[in-house]
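Keeping the supplied structure of chain A fixed, place chain B upon it in accordance with the hints.
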Amino acid sequence: MSAPTTGPTAQALSTWLVERIAGYLQRETAEIDPTVPLAEYGLDSVAALSLCGDIEEDFEIMVEPTVAWDYPTVQALTGHLLEEFAAGPGAA
Amino acid sequence: MPIGTAATEAQQASGDGRHENPLTGQEARVSSRVATLEERFADPHDESNELSYARLLQADEAGELPREGERLLDDLVLNADFVPRELGGRLERVDTLVRVMRQLFRRDVALGLGYGVTSFMAAVNVWTSGSEEQRRHLASLLLDGGKVSVAYHELAHGNDFVRNEFEARPSVGGGYLLNGAKQVINNADRADAWVLFSRTDPAPGSRSHSVLMTERAGLDPARHRVLPRYDAVGVRGCHLSGLEFDDCPVPASDLVGEVGHGVEVALRAFQLTRSAMPGMALGAVDTGLRTVVRFAARRQLYRRTVLEIPHARATLTGAFLDLLICDSLSLTASRAVHLLPGETSVYAAAVKYLVPRMLGDTMNALSVVLGARYYVREGEFGIFQKHIRDLPVLSLGHAGSAACQATIIPQLSRLARRSWFQSEPAEPRLFRPREELGPVPYDKLTLAARTDALSATLVAAVDQLPGGTPQERAAHNLALGLTGELRRLQESSRSLTPQNRTALASPETFELADRYAVLLAAASVIGVWQQARHDEDPFLADAAWAAAALHRLARRLGQQPPDLPDGCESRVHEEVLRRFEEQRSYDLYDTPLAG
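Protein chains in written order, with this note's numbering: chain A, 962 to 1053; chain B, 1000 to 1594.
Do not take every clue at face value.
[As the list claims (entries may be wrong)] If you want the footprint, here are the derived chain B segments under chain A, 3+ residues with CB under 8 angstroms:
hint	region
1	1200-1207
2	1407-1413
3	1499-1505
Because the hints were derived from the structure by calculation, they are not lab data. Every residue gets a Cβ at the ideal spot worked out from N, C-alpha and C, and that includes glycine.
Bound conformation, chain B alone:
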């Protein structure tokens, strides 16, 4: 049945409540999928388990993807999670895909990327811009267990990418001739098809490239080859290699979207992938925190456990807050793809910019508590160094942080003049992690935002937030201070010189994009807390985490807010310990884990 109908009914039924019937619909499907994956992945500390940290580390040392892990994912048909439900798959929402994939990234970033995300990144181009025929064909390829690779250069900004490009030259008899090489492509050697970003016109500018989906089967073997595999610092099991073509003919039907619209196709696909990937990778930092709590709870120093040392406690609490902040922003951006497609270009760039950076900082802070064990590649805590090596690939892959800032920069002055302090706040369900959503309106994803409902949530909060308890008053005051920051950002963005609105903008302008991303994270925290206030999760409903998270963000912006009232950090710390003891996830979902 069409998903649209189901979603509309659910939205009507939800009326004032959020999940009228939590045991049916999207929430039931995603939570049971997550539970199935966790059950099959089993205890990460049991060395006889194929997906234990010990075995995953062995595979990494050998530079291989865990074979049993891949077999298990084949068996579970993980590819179905990348295929829209209307095409026979399980993909219903971007935020629920993030939840499913987070299960993999808790164990192994290489497996998450190497088995899955690459195929998703490639497929999104076809879901957003492909023909019905291409969509069906790719759906069946993936559902049959096939893999798809994606090869595009850095696209988001500048004119560097127009030089030295891989070419798909229209050939006389129809179709194209592929020429040139693409490097550092995940799964290039074993994919059944590749999504290739190719120059189709020698003219400079942004209408000279096209996206092609080319299948390996049927290609002239004398005219293409897979280049040698790269040896990388992290994700060592991933098959990173390259492709080289020499006047290799492909049919006209390989073209995805219109000729010359490749930049647009890719930028639209990026809005989904940038929104989704950082939230998936968050799973690795969940494990990072869990590993360090495990260490700190046992290790005795100065006649007490490390857990009792104030600096260590503060680091663990801060790490959990970072995870909650990043998950709030990730949730908001991935739901915005469904609800605010006209604004997603900005939110997706903010997530892809800020979340990998914050999570990197979090891991570095945690490594200090782990001390010398951080350097050990094996044993009980060895997974930590693997995750810390693997994580940077997420900010390198497919959009570096500067590229994401460059996506935000040209939008700042328009948002400053037309939207901030004027737009209506986002609707409540943007912030409700378990509420149903309709399908992604692919045709409404646009390349530049005219409005920003997320920052409007921050502004509106100043009049809406409760002020009963000291924790609530702290959250309110912090929201006030952050709104002042948005005002200053507005002034700076209005007066940007023309040169600062290009890819050659000054470092100060890139800094504005950073501050804006932090404010969007603050707005997301406020939104999630506001909507959770009457929810069944007492921790998310409590002002303690929201105040502590906003405090952290205010300090990140260089503000010096007053100390938090008693009960904020201690409440968050208690939750860190509870979730460790009860084996629950360190994110917005409090998911039961196998260990």
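Next up, chain A with everything else stripped away, as it sits in the complex:
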């Protein structure tokens, strides 16, 4: 399985996350504030698990299924994922 040699930028990652989350919530991307907890938008635990699958699929990185619980905003998730990319592919 080929792993990207360089990870995405913070900006690209944040945009990607906002688009995904807006899709789950059936909202416009502009409505998603990166600093507001996703649960406040009503993102349920089923969608949060789906999001983990998307992250693994699009970035070829392993994440804990609880990642969206521990990093509950777009901003926190972006920061965490950037660290994971820096740690290398396949990190959990």
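What follows is chain B alone, placed relative to chain A:
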């Protein structure tokens, strides 16, 4: 001695064989335990016996648990079966616990739940996530005959459960203050301790709850009370009531696992309880079938016994096949807890979703053969209506069928893309009911599966199954058709829209979870049959039951497979009669029964 060592040796010794020495080890322990219970429960048709159906019905009418039954279980220290062996109990495997508890559920669902399963459901939280100290303490509480209750709301999905929650507020002096009420809790009134799922943080989200195990002794009596008992349609002997707390202080040491990790603790515990409970309840449907065979063998209509009427015969045969299908899936999921902990979240949800539904359908079909007697609350066939009233509690309790589907839904697209038609098939011992297993690797239970070795068993079977006899060819063709169904499921799961990957998914998406559960059941049937082919049980080794079971599952999925060849259904029907006459169980174990 550590169980791990024993298990490893046994696995090495088993090499090519399955039970090198059936008279030692886990198999010997569980089969002798099952035999002891059956011997003590004695003949269910002897009205002088305290655990006869007649006496159990009387207790139900009185809204009580059978007193003698509880005394007997105290005497047998049934609680030891819920305590891991390394803590002094008898619990070695999830599938063997299912076998032991099935003995109770054959007699009385209320006794099975009210005496036992509730304590097990509560204790599992501590076994999976508690500290060493908590594990030891709970083990001794249970081994001394104490009971534990469990109180958590529906957790598996959605954000509804974050509202209106029971609270454990961190108190200034350390510890927590409990506030609020929990309803419909089994044994709330008589448990020595309660496992309480509690909000510890007002923030929304999935890190705001914690699990506490609180003991009744030492609580301020002015700050907590047991709420009045509920009157229920089924399991009328169970003590279902509620608890209410008013700023009731409890020590910090009540916390099980980490603060804020309650959802995770509960979801991990669910993987064991969801895998195990439906297979226990299967015992009640075993009795349901046995009761109807008893009726059909004697009753004369149109100058023949009901047993000779083709529709009745087909219903009885179908019921036995349902039991075998459900037991295969239950076996696989409960052994997967040991062998495939990373995949258990999906299998456990599939069992808890599919098995109660199928068994409910089975009982309804059987009730048609019983006719008007199905409505009678007493006498020889009265146990049937009691079981049919009691069984639904199993799909209501602790995870409704929609909640289980919602556990599967977010995993579908990942499995479709990454696993189906790619994963390696499950190892053979997943499907061998009597083979030893090591302890549950609690720390490896995860909340989402990345692979699915069970469906891979279905896919691999297409190249592996024999095609010598007409029955074998039928099983093979059915496996082929079911593999095609998995392919279609894969396509549908890949193209799920984002909204269909949330708790608000469409009914069609919930339907995908249903189809997937049926395919996992088919894979389990194939696995059990494949591994039994060289076994000493000639019935399980025969292709007849496997072909007939797969045929039933294919039709459940809306397929129209060709009729089964001669010899499939008749072979299964003969087995229904043999087991009735010889008093053997209607499941994978062919266990001798007292009646």
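Hint check:
{"no.": "1", "hint": "1200-1207", "verdict": "holds (count 5)"}
{"no.": "2", "hint": "1407-1413", "verdict": "holds (count 5)"}
{"no.": "3", "hint": "1499-1505", "verdict": "holds (count 5)"}
Against the hints set out earlier in the document, no violation occurs for any number.
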